[in-house]
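Chain A is already provided as a structure; the job is to place chains B and C on it using the hints.
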Amino acid sequence: MSAIGLTAAGDASDPIDRWFPVARGEEVVARHIVQTQLLGREIAVWRDDAGVVNAWENRCPHRGVRLSIGLNTGTELHCRYHGWRYASGSGQCTYVPAHPGQKPAAAMRVGRFGAGEAHGFVWVNLIEPAEPPHLSALASAQATTLRSIYARAPAVTVAACLLRGYRFALDPTGADDSPTDAALVASDAYTIRASVHAVLREAVVTFLLQPVGASQSVIHGLLETTGETSGVDADRLAVLRHHNAQMTALRDAAEELC
Amino acid sequence: MISLYDFELSAECYQVRLMMAALRISYRRIELDVYPNREHESPWFLKINPSGRLPVIEDDGLTLCGTRAILEHLTGRYDPGGRWYPRDDPKTRASIARWLEVAERLAATAGAARMHDTMFEHADIDACRAGAHALFRALDEHLWFAEQSGHGWLCSQSHPTIADLACFPDVMLSEEGGISRLPYPAIRRWTDRVKRIPHFATMSGIFSASPARSALT
Amino acid sequence: MRPQIESLLWDDWHAVADFEQLRRSGRFVTTLLDVPLALELDPETDSVRARAGGAPIASLRIKYGFVWVCLGEPVRDIVEFPECGDADRLLGTAGSVRVAVSGLRAVENFLDLSHLSFVHAGFLGEEPFTEVKPYSVESSARDGLTVTGCRVYQPKASPIAREGFEVNYSYAVLRPYTVVLYKANPVEQDRRDMIALFVQPVSEESCVAHLLTCYLRHGVEAAAVRRFQQFIFGQDRPILENQLPKRMPLTAGREIPVRADVASAAYRRWLAEAGVRYGAIPAA
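From first to last, the protein sequence lines stand for chains A, B and C. In this text, residue positions in the first sequence follow this note's numbering: the first is 1, and each later residue adds one. In this text, residue positions in the second sequence follow this note's numbering: the first is 1, and each later residue adds one. In this text, residue positions in the third sequence follow this note's numbering: the first is 1, and each later residue adds one.
One or more hints might be untrue.
Per the computed footprint, the stretches of chain B lying under chain A, defined by three or more beta-carbons under 8 Å from a beta-carbon of chain A, are [claimed, not checked]: (1) 145-156; (2) 171-184; (3) 188-194; (4) 207-214.
Source of the hints: derived by calculation from the structure; they are not laboratory data. The structure displayed is predicted, hence computed values, not measured ones. Positions of the beta carbon are idealized from the N, C-alpha and C atoms, including for glycine.
Okay, chain A solo, but in the shape it has when bound (with noise of 0.2 Å):
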């Protein structure tokens, strides 16, 4: 059941239940929050030093004050209003300034959903999973995490935008540069391959979509390519804006259409 891929394609119901991507794994850095929303639930994911991932909910239980305001000290979340202190993992409220003396109560905790880490991304499951993500193969381990693209679009817009059509380079630094028509596969409503390939030579783009909330949406891409490459690494960057340039048209398609 918390596998990606399993439910059947163009099922959207009752989504609670699975793992969505919500960041790129280099983005939620050090020392840092990320604010997001999954399912119109606001998240804060964290990382702490020794590098495990937690995603909470957005409130502390205190005054419901948004924790994605406060501090991330390296082991704990700090909340900005009257400086509580929950620890990464538990999420335990482990220190209460205005009673220094005092061990917090056990009810004093944040609410947590599942993280985890695949693919180059984060990843958040609402129900708190015992199990952190068992992700079928997306791609392959040399697959290159796009830009993601916020989208003032509902995600079953973006991906009938992206099912009616979508373009880009097999090679934007070579010689397979112009963009041609992918080949589109949906597995199910929030993950759908675009491929392209000529003789000897696929790119893959699989789009992982996280639905932010009834009119919003992130668009999160996987890029892999396999057969004989012609750019050296500093082409990198180039690589990355064509595919930024073709994701960003798609969103600005979804969202014509609301």
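What follows is chains B and C alone, placed relative to chain A:
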């Protein structure tokens, strides 16, 4: 000593306070009774700045009005290494000029939305917010690619320039005008970075960042 | 269709504008309890006319530098502060500020002691002096809440303070949306400076904070007082606007108080007992 004609809650004045803090310049703050008494429109202040606007600095007999003139003056005089505004690097200067223009657009959109939402200033609030979101989209994309290029500042340098200080206030205060930064994760990382600039000064409504992780740990 | 707004709010006076702000612009548009208001100043007579959703408002007064309005039939007078009549006091308004949160949360924030060393660090409090010592709360249905015996360590309690010391605070909540703070004056320690917060409920999830200061004149200057209050409130505003839900829950379910929150817990209970629903998430 430099005198700064100032208002705590003004994003433009804060740009100057940020610059002076970064350059470790001591200054005398002359705070005007801006809200609701509009002291910046009173006769005595109009003699100093006929446009009736803040910020204004007086430095050794010179009076400078407006953020761009002030930031250029302060770096020209007090930043001998040209770190914040390089003298002999036309490419970076051109880039800085571009972002100073963006800072002005941010003031006219996000800044105006904030003044409307907090202090009853007249504005076409929907147009201001839409304008701010369009700028934030461009800023987020630019900063993302800046990170991918190995730096994290607006002008392709390994350190911030006046462009970063000029854009920061209206971006950081955007939520006071109903403009959320949730859809702009690269901007959110950049604001943390700006807050960690040595000698960063806060203002009412802006809080400090936690200490950065030490490179040694 | 929303149920009628409770008489406790509808038939009471609310501050809706800073009189000086109205005088400068001649007209002022605002909203009270979801009703659009248009205020107009006649420059010849200095008198104010107000219309609520198009119809003229009968109950309108200028007091303490604010324009006050009652949308219904006022059952009692505007709150009265005898101190404001003292000749040796300076009265001032600190500028009206809009906040996108229920006004009830703004009142609760004003009563709160444990945020002083975080939100107002270096001014009204400082780490490590974060401990909130026990204080007293009395509640009466008619008179509201009285909070006394608050002791706050302040690093710079006054402009002339050379070192930090403990300042005595007390509060009174006089109406659901009206709260007053009394702070011992640094020069005349047996008399108190007063700051009143009149919160205008604009909608259930937004308000305007009108601040009145009533300080003893010793060494204070009106503009400096106003600047200081604007500075302090400017620090509170982003906290308030980041509170969810925007309407204030009246029962402890999802928001857990500690002993330092005795005043806010009493405030929420008092509101629930008085039947306040506007701006609140009532008890289930």
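Outcome of the hint check:
1. 145-156: holds (count 3)
2. 171-184: holds (count 4)
3. 188-194: It holds: at least three residues are needed, and the stretch 188-194 of chain B offers 3 whose Cβ sits within less than 8 Å of chain A.
4. 207-214: With 6 residues closer than 8 Å to chain A, the stretch 207-214 of chain B meets the three-residue bar; holds.
Hint violations for this structure: none, all hints satisfied.
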